[in-house]
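Asker: From first to last, the protein sequence lines stand for chains A and B. In terms of the numbering used here, the first sequence has 229 at position 229, counting the first letter as 1, and numbering is strictly consecutive. In terms of the numbering used here, the second sequence has 240 at position 240, counting the first letter as 1, and numbering is strictly consecutive.
Calculated from the structure, these hints are not laboratory results. A virtual CB, placed ideally from N, CA and C, is assigned to each residue, including glycine. Misleading hints may appear alongside valid ones.
[Unchecked claim] Subject to a maximum C-alpha distance of 30 Å in a straight line, what follows is the list of computed DSS-like cross-link-like pairs (lysine-lysine): (1) A:246 x B:274; (2) B:274 x B:84; (3) B:84 x A:88; (4) A:84 x B:151.
[Unchecked claim] Some chain A residues flagged as far from chain B (calculated, every beta-carbon gap over 12 Å): (5) 1; (6) 10; (7) 12; (8) 60; (9) 72; (10) 94; (11) 107; (12) 177; (13) 205; (14) 207; (15) 283; (16) 298; (17) 300; (18) 303; (19) 306.
There are 2 protein chains.
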Amino acid sequence: MINKLISNIQKTNAPIVVGLDPMLNYVPEHIQKKSFAEYGETLEGAADAIWQFNKEIVDATYDLIPAVKPQIAMYEQFGVEGLKAFQKTVDYCHEKGLVVIGDVKRGDIGSTSAAYAVGHLGKVQVGNTICQAFNEDFATVNPYLGTDGIKPFVDICKEEKKGLFILVKTSNPSSGEFQDRIIDGRPLYEWVGEKVAEWGADHMGDSYSYIGAVVGATYPEMGKVLRKVMPKSYILVPGYGAQGGKGADLVHFFNEDGLGAIVNSSRGIIAAYKQEKYAKFGAEHFAEASRAAVIDMVEDISTALERAK
Amino acid sequence: MINKLISNIQKTNAPIVVGLDPMLNYVPEHIQKKSFAEYGETLEGAADAIWQFNKEIVDATYDLIPAVKPQIAMYEQFGVEGLKAFQKTVDYCHEKGLVVIGDVKRGDIGSTSAAYAVGHLGKVQVGNTICQAFNEDFATVNPYLGTDGIKPFVDICKEEKKGLFILVKTSNPSSGEFQDRIIDGRPLYEWVGEKVAEWGADHMGDSYSYIGAVVGATYPEMGKVLRKVMPKSYILVPGYGAQGGKGADLVHFFNEDGLGAIVNSSRGIIAAYKQEKYAKFGAEHFAEASRAAVIDMVEDISTALERAK
Chain A
1 MINKLISNIQ KTNAPIVVGL DPMLNYVPEH IQKKSFAEYG ETLEGAADAI WQFNKEIVDA
61 TYDLIPAVKP QIAMYEQFGV EGLKAFQKTV DYCHEKGLVV IGDVKRGDIG STSAAYAVGH
121 LGKVQVGNTI CQAFNEDFAT VNPYLGTDGI KPFVDICKEE KKGLFILVKT SNPSSGEFQD
181 RIIDGRPLYE WVGEKVAEWG ADHMGDSYSY IGAVVGATYP EMGKVLRKVM PKSYILVPGY
241 GAQGGKGADL VHFFNEDGLG AIVNSSRGII AAYKQEKYAK FGAEHFAEAS RAAVIDMVED
301 ISTALERAK
Chain B
1 MINKLISNIQ KTNAPIVVGL DPMLNYVPEH IQKKSFAEYG ETLEGAADAI WQFNKEIVDA
61 TYDLIPAVKP QIAMYEQFGV EGLKAFQKTV DYCHEKGLVV IGDVKRGDIG STSAAYAVGH
121 LGKVQVGNTI CQAFNEDFAT VNPYLGTDGI KPFVDICKEE KKGLFILVKT SNPSSGEFQD
181 RIIDGRPLYE WVGEKVAEWG ADHMGDSYSY IGAVVGATYP EMGKVLRKVM PKSYILVPGY
241 GAQGGKGADL VHFFNEDGLG AIVNSSRGII AAYKQEKYAK FGAEHFAEAS RAAVIDMVED
301 ISTALERAK
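Construct the entire structure; sequences and hints are all you get.
Answerer: Structure follows, in structure tokens:
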């Protein structure tokens, strides 16, 4: 799957991923109205609204992008109905040839981590039958529990040729509270980064490992260090756009081969029509606003990478 | 909810929680057969089997215990159908007067953490209607992202009078990989424990905070230290029984008031009929084996607490 991700990136010339994190207040009035008319102001109605919203955005952008990253929390807040919309979204993105990164930030131990891995990346046995639940291509995973928490995910990834992005240095302001604390002269995130390189070493694709890392765009200097700590790990970079990261900040997350990083934008793309810059599209044409925002984001990053050469 | 948890513990005289973590291979043949006959060897069939299994165990034990802790991964592995069984289980346990600790180990930032909090502990607005998704009483949360990741959960907990158990020192063998690393002379888990005390200080119940911690039974000496670092936080203690923790190890997790800790057992209770000790019950009467295992566990812990006085 890392090979497919890289080939998708090369085909589109766009090292980006669109975060499908649909808050209900991003969904234009006309879609909400239609869904509520059909299903009422219920969890089912909300789930239908975010699914319709996602579908239009995917239809308007899929030819420009290699991957999407649905944030499961935005679906889980609507319970079982929301999770049906999550599954529909994953399946639809696959139909469109997109790589799907499930932003699930799961993490537990032993058989419990294995159950998460099976549910999101693998297959589960029921009697003598093999069934499949959510079927993403990559999942994000939390490292706080150590190797016991990661290993069951890696094992399933090996079976299924799928991948992980492990939280190393997150994009939020207080991520340093624990992640930056100094241990034997180096911050915790570097120790975690080293482990990511180690966990990834025996699950390699053609040029990069199936086991990647999450490092926030908001911490470019740390990204520079981590790039070297995990040379063979793809870095998923959140925090671009709405969280403050800019194209120029991203240069250090890439390797000299122009690969090695994939930059996420969620709100900046899916709610683009709410920005002044894209207001001309109007709520009716929100998906075209998203398409324009994708083009601008790719341009911003390409220019920055070009300048850095 | 912390007051209700404590009152349930006092009523039952049982500082324990039953982990409803149903692996399909714990579910007796006769239940699986019946479910598969009705729904086929499908995700729906698996979900029905674990729900029927849970229901019998709850029916056989609810009068002896204050709380249950369903591990959502075991349901999530069966996708949307599994999550329906999770919701049914939560609702049924509420009907029986039990406190429900959702072992979800979620953790993200800002609006994403808020979405998880809303989905599991709160209410979500759809149009002008207030809806409810999973509705547990407590949730377990991962602290790796720092205060930004915890605060949105705490905010919802305050609104709803619900609570959290934050991972501090987990029960697994490799938990020390990051959690035990020394920062300014003290292990990371102590720094996290201190934060738990801080986060919990402004959301107090009558005698304990709504914000508790997870500390594994397998690390009793660390439990002793953490008990003092977070005197007002309830400690959820996994790792008893199958993972190797014994009654005598648990003494230090409690305060002098005899409160402050609640010990989880999952496999040891729900799959008790598979142990030699309870084999006489047979697979047909698996729920009675679970009841016997609950009685033995309460006895083991009470004896240990009595001896320590």
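Asker: Against this structure, judge whether each hint is valid.
Answerer: The hints, checked one at a time:
Of the pairs offered as hints, the one joining residue 246 of chain A and residue 274 of chain B is violated, with about 57 Å between alpha carbons and a cut-off of 30 Å exceeded. About 27 Å separates the Cα atoms of residue 274 of chain B and residue 84 of chain B, which keeps this hinted pair within 30 Å; it holds. Between residue 84 of chain B and residue 88 of chain A the CA atoms are separated by roughly 17 Å; this keeps the pair inside 30 Å, and the hint holds. With a CA separation close to 28 Å, the supplied pair residue 84 of chain A and residue 151 of chain B stays within the 30 Å bound.
The beta carbon of residue 1 of chain A sits about 20 Å from the closest Cβ of chain B, which is more than 12 Å, so the claim that it is off the interface holds. Residue-level check passed: residue 10 of chain A sits 30 Å from the nearest beta carbon of chain B, beyond 12 Å. The beta carbon of residue 12 of chain A sits about 26 Å from the closest Cβ of chain B, which is more than 12 Å, so the claim that it is off the interface holds. Against the 12 Å criterion, residue 60 of chain A stays outside the reach of chain B, whose nearest CB is about 23 Å from its own CB.
For residue 72 of chain A, the condition that its CB be more than 12 Å from all CB atoms of chain B is violated, with the nearest at approximately 9 Å. No beta-carbon of chain B is positioned within 12 Å of the beta-carbon of residue 94 of chain A; the least distance is around 15 Å. Annotated as non-interface, residue 107 of chain A brings its C-beta within 12 Å of a C-beta of chain B; the closest such distance is 6 Å. The claim that residue 177 of chain A is not at the interface with chain B is violated, since a C-beta of that chain comes within 12 Å of its own (minimum 3 Å).
With a least beta-carbon separation of about 25 Å from chain B, residue 205 of chain A lies farther than 12 Å from that chain, consistent with its non-interface assignment. Residue 207 of chain A, annotated as away from the interface, keeps every beta carbon of chain B farther than 12 Å; the closest lies near 28 Å. The beta carbon of residue 283 of chain A sits about 16 Å from the closest Cβ of chain B, which is more than 12 Å, so the claim that it is off the interface holds. Residue-level check passed: residue 298 of chain A sits 25 Å from the nearest beta carbon of chain B, beyond 12 Å.
For residue 300 of chain A, the non-interface assignment is confirmed: its Cβ lies about 23 Å from the closest Cβ of chain B, beyond the 12 Å cut-off. The claim that residue 303 of chain A is not at the interface with chain B holds, since no C-beta of that chain comes within 12 Å of its own (minimum 28 Å). With a least beta-carbon separation of about 31 Å from chain B, residue 306 of chain A lies farther than 12 Å from that chain, consistent with its non-interface assignment.
Hints 1, 9, 11, 12 from the list above are not met by this structure, while the remaining hints are.
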